[in-house]
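Asks: Sequence:
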Amino acid sequence: MPNQMEFYDEELSRSFRQLQELLQEDASSPRLDQLFKSCGAYIQQMNREVQGMKGEEKKQWKEILGFRAQTFKQLQAAVHEVEF
Numbered sequence: 001m002p003n004q005m006e007f008y009d010e011e012l013s014r015s016f017r018q019l020q021e022l023l024q025e026d027a028s029s030p031r032l033d034q035l036f037k038s039c040g041a042y043i044q045q046m047n048r049e050v051q052g053m054k055g056e057e058k059k060q061w062k063e064i065l066g067f068r069a070q071t072f073k074q075l076q077a078a079v080h081e082v083e084f
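Take the sequence shown: its position 13, counting from 1, is numbered 13 in the UniProt record's numbering, and each next residue is one higher.
Think of the hints as simulated: they come from the structure by calculation, not from any bench. Mixed in with the good hints there might be a few duds.
Dumping the calculated BS3-like pairs for lysine-lysine here, alpha-carbon to alpha-carbon at most 25 Å [said to hold, decoys possible]: (1) K73 to K37; (2) K59 to K73; (3) K62 to K73; (4) K62 to K37; (5) K58 to K73.
All of these numbers come straight from a predicted model, not from anything done at the bench.
The task is simple: from the sequences and hints, build the whole structure.
Replies: Right, here's the structure in full:
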């Protein structure tokens, strides 16, 4: 299970970097929506995986997931700031 979580986490981080780059280059790009959907899907899947974990592993991934969810919200807020 951790290998799957690491995969989701790496993909999520990569998507976050792409979102940040797009926000600086072209905040009106339709690619933003695709990236946000992908990020949301990764976060949901990671959350499902965490529910099946136990002990210290669960605690560690919940903390990481909380941080990733916060980053996701900040990126969403940044889009709204750019649009207005």
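Asks: Quick one, are K58 and K73 close enough, alpha carbons at most 25 Å?
Replies: OK: K58 and K73 at ~22 Å, within 25 Å.
Asks: Taking 25 Å as the top limit, are the C-alpha atoms of K73 and K37 close enough?
Replies: holds (13 Å)
Asks: Hinted pair, alpha-carbon criterion (25 Å max): K59, K73. Please report holds or violated.
Replies: Roughly 21 Å separates the two Cα atoms, so the pair holds.
Asks: Has the given pair, K62 with K73, been kept, meaning a C-alpha gap of at most 25 Å?
Replies: holds (16 Å)
Asks: Would you mind confirming whether the straight-line C-alpha gap from K62 to K37 stays at or under 25 Å?
Replies: holds (21 Å)
In summary, this structure violates none of the numbered hints.
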